[in-house]
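According to the numbering used here, the sequence shown holds residues 401 to 837 in order.
It should be emphasised that the hints constitute simulated quantities derived from the structure, not laboratory data. Just to be clear, a hint being listed does not mean it is correct.
Stated by the list, open to error - Computed Cβ-Cβ distance ranges for the label pairs, DEER-style:
| no. | residue 1 | residue 2 | range |
| --- | --- | --- | --- |
| 1 | His777 | Phe564 | 46 to 54 Å |
| 2 | Ser497 | Arg751 | 23 to 31 Å |
| 3 | Arg646 | Arg710 | 35 to 43 Å |
To be verified - Okay, derived cross-link-like pairs now, SDA-like style, lysine to any residue, Cα gap no bigger than 20 Å in a straight line:
| no. | residue 1 | residue 2 |
| --- | --- | --- |
| 4 | Lys470 | His548 |
| 5 | Lys474 | Asn441 |
| 6 | Lys729 | Ser703 |
| 7 | Lys480 | Val530 |
| 8 | Lys729 | Gln699 |
| 9 | Lys474 | Gln422 |
| 10 | Lys696 | Ala711 |
| 11 | Lys729 | Ala711 |
| 12 | Lys645 | His613 |
| 13 | Lys705 | His613 |
The beta-carbon is built from N, C-alpha and C at its ideal position, and this holds for glycine as well.
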Amino acid sequence: MIRIRTKMAPRWIQQIISAQSQLTVLSPYITKNHTLTLLANKKATFYTRFDLRDFLSGASKLSAFKQLLKKGCKVFVVPKLHAKVIMDEDEFVTLGSQNLTQGGRWNKELSVCFDGSARDKTCESVRNLVREWTTDPDLVQVDWDWFHQMAEDVERGKEAYEQFNESLRTIEVDAKRANAERLNAQELRLEGERRSRKTAALAELQETVKSAHPSGINHLGTVTPTKASPCLRFEPGVDLLSWKKRNKILPPLDKGSRCLCVLNQKHVGWARLAGRQITKIAQSMKIRGILPAPFKTVQIELSVKPEDLRAMSSDTTMVVKLSAPNGVKLLSVALSYSIKKTEVLGTHLPRVKAKGKKLKPIAQLRTDLQAWIDSDHDAFENLLSKHITSTTPLKQRLAGVNADEYFGGLYSKVSVTMMFTARSNQPILVATLIGDD
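When you get a sec, could you build the whole thing from the sequences and use the hints?
Structure below.
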């Protein structure tokens with residue numbers, strides 16, 4: 401069996417305790433820890449570095465070598481060793497990035513253990529490679545004389561090493577400060593570019609609304625309190641489903657049709673048209689079934705909610721939240737939207753912890769969906785553009801902000817008309833606060 405681990409110590413302990421043959425350890429750095437104690441008690445053979453700089457820096461500890469020598473373990477020095485291996489002669493081999501040190505518990509490590517059905521061929525291949533190093537006749541064994549000499553060298557080198565570290569710390573502080581200033585300047589530049597893009601997108605939105613084909617019909621409404629909630633109410637006889645274009649009466653919209661609403665040429669939401677009043681303005685809209693196979697079941701939520709926009713870069717004007725049929729979040733997409741143009745700014749994955757070496761169906765769907773969007777922005781943008789301004793009837797009333805919150809407060813006067821985009825002739829409900837600057 402092949403076992404991949406980010407924390408190998410528990411597996412090491414299990415294998416070391418059950419080992420019946422000679423244990424061999426390759427680790428450039430060694431410090432005291434529970435695994436080392438088990439290996440010392442088993443009289444494992446160690447191949448490592450024995451370098452003054454390693455002891456001065458703390459990468460290795462003389463106390464660990466003292467423990468091994470006291471237990472009668474053989475310790476050999478392998479110049480330029482970087483491999484990390486623990487193995488016996490017939491049951492298992494582990495190799496990876498983790499040193500036999502206490503610090504290895506906290507680092508981001510990746511190691512693999514071969515045992516069980518995978519051990520015969522794979523383990524023997526590893527052992528053969530290791531033997532090429534361990535059978536080198538020029539290898540030198542660490543003994544007590546060398547150990548004591550190294551201890552003296554470490555004592556003599558401490559002051560020089562501390563002076564070196566002090567000088568290095570000064571350089572590091574200056575380097576970190578300079579790098580922080582560089583990153584800050586870079587972020588300020590990028591933020592300036594993002595704000596410029598957002599300003600350009602809002603200007604394009606305003607221009608698109610101004611240049612759209614007017615309906616020629618205007619209705620004046622008042623934000624009025626009711627028992628349920630405030631609504632934008634129009635005079636008797638007004639029908640928000642009936643409009644004309646270029647003096648031609650259009651077929652009435654279906655009752656409950658949703659419609660993109662733009663207030664004062666900059667605030668976007670969705671209204672549900674029914675009768676002569678507007679009660680809610682949705683800041684999000686759910687649609688489904690618009691993506692190609694194999695993503696047909698993915699649910700899409702378009703959002704202009706402030707909290708969703710804040711979670712993205714500052715040039716974002718709309719967020720697309722994609723979910724699996726069971727509601728599990730797949731990913732979010734930041735958009736720059738101006739009616740005329742829909743532009744993907746970036747895809748963002750939720751914070752999820754991957755488990756296991758094989759992706760689960762949801763994780764695989766998330767990966768595939770992100771790959772498709774990132775590889776074909778145009779296709780995704782075109783699909784969204786058609787549905788952001790769609791007038792598909794809504795079966796239920798909208799959930800959203802009340803009319804007074806969206807339209808500037810109770811008793812606000814609002815002029816409403818319908819305009820049609822030049823490219824697709826999609827209707828847009830355009831609202832303007834009367835007396836608003």
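A quick look at each hint next to the structure:
1. His777 with Phe564: 46 to 54 Å: Holds - the Cβ-Cβ distance for His777 and Phe564, about 52 Å, lies within 46 to 54 Å.
2. Ser497 with Arg751: 23 to 31 Å: This hint holds: roughly 24 Å between Cβ atoms.
3. Arg646 with Arg710: 35 to 43 Å: Holds - the Cβ-Cβ distance for Arg646 and Arg710, about 41 Å, lies within 35 to 43 Å.
4. Lys470 with His548: Holds, because 13 Å separates the two Cα atoms, which is no more than 20 Å.
5. Lys474 with Asn441: Cα-Cα ~12 Å, so holds.
6. Lys729 with Ser703: 14 Å, holds
7. Lys480 with Val530: 14 Å, holds
8. Lys729 with Gln699: This hinted pair holds, its Cα atoms lying about 10 Å apart.
9. Lys474 with Gln422: 12 Å, holds
10. Lys696 with Ala711: 26 Å, violated
11. Lys729 with Ala711: 15 Å, holds
12. Lys645 with His613: The given pair, whose Cα atoms are some 7 Å apart, holds under the 20 Å limit.
13. Lys705 with His613: Status violated; Cα separation ~28 Å.
The structure fails to meet hints 10, 13 from the earlier list, while all remaining hints are met.
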